[in-house]
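For the record, the sequence lines run as chains A and B.
Residue 67 in my numbering sits at position 67 of the first sequence, and the numbers go up by one each step.
Numbers given in my numbering equal positions in the second sequence, counted from 1, plus 358.
Note that these hints are calculated values from the structure, not bench results.
No experiment lies behind these values; they were computed from the predicted model shown.
Take these hints with a grain of salt, some might be off.
[Said to hold, decoys possible] Chain B regions said to be covered by chain A (calculated; three or more residues, Cβ under 8 Å):
(1) 361-369
(2) 386-392
(3) 412-424
[Stated by the list, open to error] Simulated pairs of lysine to any residue, SDA-like, Cα-Cα distance not exceeding 25 Å:
(4) A:K294 with B:K382
(5) B:K406 with A:F319
(6) A:K294 with B:T377
(7) B:K375 with A:Y59
(8) A:K294 with B:F374
(9) B:K382 with A:F319
(10) A:K297 with B:A385
(11) A:K294 with B:A385
(12) B:K412 with A:K297
From the three backbone atoms N, C-alpha and C, an ideal C-beta is built for every residue, glycine too.
Below, each chain spelled out in residue letters.
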Amino acid sequence: MDINRRNMAFTVALFLGGAMLLTSYVTDITSWEAWVPALLAFFLSFAVVSIYLKLTKKYPEKHLPEIFVCVFGKCAGYAVSWAYVFFFLVIACFNTYSVSSFFVGYVMPETPDIVFTVIFVFICSRAVRLGIENITKISIFIFFLISLFIILNFILLLSQMKISNFLPLFDHSFYEYLQAAHTELMNPFGETVVFLMFADKIKNNDFRSALIWGIIIGGVMLMLVVIRSVAVLGVTISISAVPSYEVLRLINIKNMITRIETLYSFLLLILGFFKVSIIYCAISRLTAYLTGLKTEKSIINSVGAFLACMTAVSFTSGFDSVNWGTKYAAFFATPFVFIIPCFLLLVITVKRKGEKAK
Amino acid sequence: MIITLAAFLYIWLSDFKNTKGNIKERAVFLLLFTLSLALAILISAGVKTISPIKAIQTLFDFLHISY
Numbered sequence: 001m002d003i004n005r006r007n008m009a010f011t012v013a014l015f016l017g018g019a020m021l022l023t024s025y026v027t028d029i030t031s032w033e034a035w036v037p038a039l040l041a042f043f044l045s046f047a048v049v050s051i052y053l054k055l056t057k058k059y060p061e062k063h064l065p066e067i068f069v070c071v072f073g074k075c076a077g078y079a080v081s082w083a084y085v086f087f088f089l090v091i092a093c094f095n096t097y098s099v100s101s102f103f104v105g106y107v108m109p110e111t112p113d114i115v116f117t118v119i120f121v122f123i124c125s126r127a128v129r130l131g132i133e134n135i136t137k138i139s140i141f142i143f144f145l146i147s148l149f150i151i152l153n154f155i156l157l158l159s160q161m162k163i164s165n166f167l168p169l170f171d172h173s174f175y176e177y178l179q180a181a182h183t184e185l186m187n188p189f190g191e192t193v194v195f196l197m198f199a200d201k202i203k204n205n206d207f208r209s210a211l212i213w214g215i216i217i218g219g220v221m222l223m224l225v226v227i228r229s230v231a232v233l234g235v236t237i238s239i240s241a242v243p244s245y246e247v248l249r250l251i252n253i254k255n256m257i258t259r260i261e262t263l264y265s266f267l268l269l270i271l272g273f274f275k276v277s278i279i280y281c282a283i284s285r286l287t288a289y290l291t292g293l294k295t296e297k298s299i300i301n302s303v304g305a306f307l308a309c310m311t312a313v314s315f316t317s318g319f320d321s322v323n324w325g326t327k328y329a330a331f332f333a334t335p336f337v338f339i340i341p342c343f344l345l346l347v348i349t350v351k352r353k354g355e356k357a358k
Numbered sequence: 359m360i361i362t363l364a365a366f367l368y369i370w371l372s373d374f375k376n377t378k379g380n381i382k383e384r385a386v387f388l389l390l391f392t393l394s395l396a397l398a399i400l401i402s403a404g405v406k407t408i409s410p411i412k413a414i415q416t417l418f419d420f421l422h423i424s425y
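Throw the hints in and build the complete structure from the sequences for me.
Take a look at the structure:
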């Protein structure tokens with residue numbers, strides 16, 4: 001057992017925090033009421049995670065493809081696991097593109113996004129080479145750094161927050177709430193399915209509490225960021241590409257403390273790095289397992305090169321990625337996040353009952 | 359193109375030694391390496407229409423599965 005509970009919990013929290021860059025997918029749909037689907041998704045995420053926890057309880061200290069092979073047999077288990085490789089690759093591409101397009105759009109406009117993508121994936125590959133254990137070890141420090149920054153700018157923005165920005169309440173259609181909550185539930189909360197790839201590296205009871213505490217901490221952090229953005233921007237939140245970033249542009253304390261958003265962009269980079277590294281680690285581990293390798297060391301860079309290439313061809317513009325995020329991503333993720341784990345749990349339960357009856 | 363090839367040379371130099379002469383490890387490494395290199399060369403040559411995400415979007419549009 002290589003990962004301790006506390007490190008894992010903060011890693012899950014930072015993984016969820018990586019979605020701060022993507023809050024616009026919810027604010028685009030429900031505008032000033034973005035906190036409603038975010039809150040709904042936060043509560044529903046416990047139902048989704050309870051499926052993962054039941055799976056790890058039934059097959060303690062086994063990771064996701066091992067459970068598939070135990071339940072579905074080698075052939076079908078491997079086929080489903082390869083589908084998960086594809087799913088992880090797509091979400092890694094999406095997150096890598098989000099980070100690089102944000103940096104190219106806001107911080108380094110003259111730089112071609114492929115340059116940023118390649119450098120970003122290269123740095124992630126260095127972290128993956130060190131292993132998930134070492135990535136999780138720095139999670140506490142980074143979490144407190146980010147929390148401190150969020151609390152600090154929350155205080156600095158207090159004077160610009162208005163309760164009236166939350167009004168009118170429940171002005172959107174049920175369909176819009178459903179779309180936003182579904183999108184938020186699948187990305188980022190549902191993406192925690194990635195952590196099932198590391199369930200064998202942590203004690204079963206520790207994994208359960210780490211995942212739940214991680215989701216509570218990360219969910220509260222995300223909610224705070226959404227509420228802060230709505231409280232300051234109000235209706236105009238729907239025209240911001242990255243509300244959590246643009247809200248910080250309004251901080252101006254006597255013309256002395258300004259342009260604080262530049263600092264925040266680096267925190268977003270760290271969060272993106274964390275999220276992509278964990279997914280990248282899962283892809284390498286899963287590919288190594290499926291191809292029968294003892295370790296993933298020899299394929300890490302090749303997987304990284306493939307990831308960078310796929311990111312480069314996946315989206316042609318920021319609009320393209322927003323279109324994917326708001327319209328398709330939730331539907332694409334649903335089978336991997338919810339339907340397959342549910343089916344897996346059902347098969348396990350039926351099999352165990354059949355064995356008991358015999 | 360030169361930068362792409364240099365990057366892949368680096369990957370070869372750093373990862374090939376990790377296969378430690380194991381045939382299976384070498385085969386998997388070579389497969390992934392070739393796949394990535396082919397994709398990178400295509401991108402360097404200006405081909406950007408081979409996106410799997412675009413393929414999923416087209417499929418979902420065809421099935422009317424989107425918001």
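Hints and how they fare:
Counting residues of the stretch 361-369 of chain B whose CB lies closer than 8 Å to any CB of chain A gives 4, so the stated coverage by that chain holds, three being the minimum. For the stretch 386-392 of chain B, the stated coverage by chain A holds: 4 residues have a C-beta nearer than 8 Å to a C-beta of that chain, and at least 3 were required. Evaluation of the coverage hint for the stretch 412-424 of chain B: fulfilled, as 6 residues show C-beta separations to chain A shorter than 8 Å, against a requirement of three. Our distance criterion of 25 Å between C-alpha atoms is met by K294 (chain A) and K382 (chain B), whose separation comes to about 10 Å.
Only pairs whose Cα atoms come within 25 Å are accepted, and K406 (chain B) paired with F319 (chain A) is accepted, the gap being roughly 17 Å. Of the supplied pair hints, the one linking K294 (chain A) and T377 (chain B) holds, its CA atoms being roughly 10 Å apart against a limit of 25 Å. Taken as a hint, the K375 (chain B) and Y59 (chain A) pair is broken in the structure, with Cα atoms around 35 Å apart against an allowance of 25 Å. The hinted pair formed by K294 (chain A) and F374 (chain B) meets the criterion: a straight-line CA distance of about 15 Å does not exceed 25 Å.
Restraint check: the Cα-Cα separation between K382 (chain B) and F319 (chain A) comes to about 42 Å, which exceeds 25 Å; the hinted pair is violated. This hinted pair checks out: K297 (chain A) and A385 (chain B) have alpha carbons roughly 14 Å apart, not beyond 25 Å. About 14 Å separates the Cα atoms of K294 (chain A) and A385 (chain B), which keeps this hinted pair within 25 Å; it holds. Annotation: proposed proximity of K412 (chain B) to K297 (chain A) is violated, straight-line Cα distance about 31 Å (limit 25 Å).
In terms of the numbered hints stated before, the structure departs from hints 7, 9, 12, listed from lowest to highest.
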